[in-house]
Amino acid sequence: MGNQISGDSKREQFGPAPSSTMQASNEANQVSQGQEKSNAKKTVYLIRHAETEENVKLHGLEQTGRRLKQFKLPKGRELLDGCIFLLMCLQNKTDARLSSHGREQICQMREILKENSFLETNKISVIVHSPLQRARETCKGLFGAAADGSVGAEEGDRDSSLGEHIGKPDGSSLPNHVRHVAELDCLREITAWENSIEGKSKFRQRVQALENWLSCCSENNIAVVGHSEYFMYMLGLPKSEKFKNCDVWKVEMSVDAVQNRPGQCCRLGPVQGYATHEWSKLQLVHRLPCFLG
Numbered sequence: 001m002g003n004q005i006s007g008d009s010k011r012e013q014f015g016p017a018p019s020s021t022m023q024a025s026n027e028a029n030q031v032s033q034g035q036e037k038s039n040a041k042k043t044v045y046l047i048r049h050a051e052t053e054e055n056v057k058l059h060g061l062e063q064t065g066r067r068l069k070q071f072k073l074p075k076g077r078e079l080l081d082g083c084i085f086l087l088m089c090l091q092n093k094t095d096a097r098l099s100s101h102g103r104e105q106i107c108q109m110r111e112i113l114k115e116n117s118f119l120e121t122n123k124i125s126v127i128v129h130s131p132l133q134r135a136r137e138t139c140k141g142l143f144g145a146a147a148d149g150s151v152g153a154e155e156g157d158r159d160s161s162l163g164e165h166i167g168k169p170d171g172s173s174l175p176n177h178v179r180h181v182a183e184l185d186c187l188r189e190i191t192a193w194e195n196s197i198e199g200k201s202k203f204r205q206r207v208q209a210l211e212n213w214l215s216c217c218s219e220n221n222i223a224v225v226g227h228s229e230y231f232m233y234m235l236g237l238p239k240s241e242k243f244k245n246c247d248v249w250k251v252e253m254s255v256d257a258v259q260n261r262p263g264q265c266c267r268l269g270p271v272q273g274y275a276t277h278e279w280s281k282l283q284l285v286h287r288l289p290c291f292l293g
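Going letter by letter, the sequence shown gives residues 1 to 293 in UniProt numbering.
Note that these hints are calculated values from the structure, not bench results. There may be inaccurate statements among the hints.
[What the hints assert, rightly or not] In silico DSS-like links for lysine-lysine, alpha-carbon gap of 30 Å or less:
no. : residue 1 : residue 2
1   : 239       : 250
2   : 41        : 242
3   : 168       : 200
4   : 200       : 114
5   : 202       : 75
6   : 75        : 242
7   : 123       : 69
8   : 69        : 202
9   : 41        : 244
10  : 242       : 69
11  : 250       : 69
12  : 250       : 123
13  : 72        : 168
14  : 168       : 250
15  : 41        : 69
For clarity, every value in this text was computed on a predicted model and none was experimentally measured.
Throw the hints in and build the complete structure from the sequences for me.
Next up, the structure:
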């Protein structure tokens, strides 16, 4: 069945947990329909976007660096790509388009998901994606639908049922059990400024907003199409665990841990990692064949 990954890659717990500054919806958005709060879990499928033009340029920069370390002249194309990547960073151009290879990756993963009846087998009823075009286009390519507009983090936190205004787009080919497709602004990839000491707290607030949104959602099986750096920070994973393009990972989120964490956030973990009483049982579900070597 496709290239479904066995349970050998499962991780039970990632490390110590920080807290959240958002508790306003704790009382109003209890997990309903017979679930005990202390046992309430959300099953979240994290999907990284396909390859972008920015990824290609970054590869050129990395290859140039490797050659220079070996006292070799860089290749012209790699050097040019590396310079373009640095220029993109200086201009803060973060909304990169998919590369031609990235579009091929989407076609490959779409067939894998279709072969394994991904949405049906995992009973996914909500799909959310980042507003950046690479995530939006990946979502539309994999599932045949993307949201019509973005929902702010605060609005999403209050809206435990997702609201009538967030439904499936017109013409969607999604199965009937998929009730909503939403675009969340808080899912944007981390920016260069947010990666600095001064900006880290702002990014942490965005991650907390996503967790609160998920914890308040009335559905239990949710697919999230987003970005590698964002996911790694949220889960507290080291850089070596970077998500591959179009990777599909399964992870459990504790509603109780998210909604009842202290007001002050303690930054613990191997790489100032985020969460981990909140998140557990990380498992690779699907990966493109080119990354399975």
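Results of checking the hints against the structure:
no.	hint	result
1	239 with 250	holds, 19 Å
2	41 with 242	holds, 25 Å
3	168 with 200	violated, 34 Å
4	200 with 114	violated, 38 Å
5	202 with 75	violated, 39 Å
6	75 with 242	holds, 26 Å
7	123 with 69	violated, 49 Å
8	69 with 202	violated, 35 Å
9	41 with 244	holds, 26 Å
10	242 with 69	holds, 23 Å
11	250 with 69	violated, 38 Å
12	250 with 123	holds, 13 Å
13	72 with 168	violated, 53 Å
14	168 with 250	holds, 23 Å
15	41 with 69	violated, 47 Å
Checked against the numbered hints above, the structure breaks hints 3, 4, 5, 7, 8, 11, 13 and 15 and satisfies the rest.
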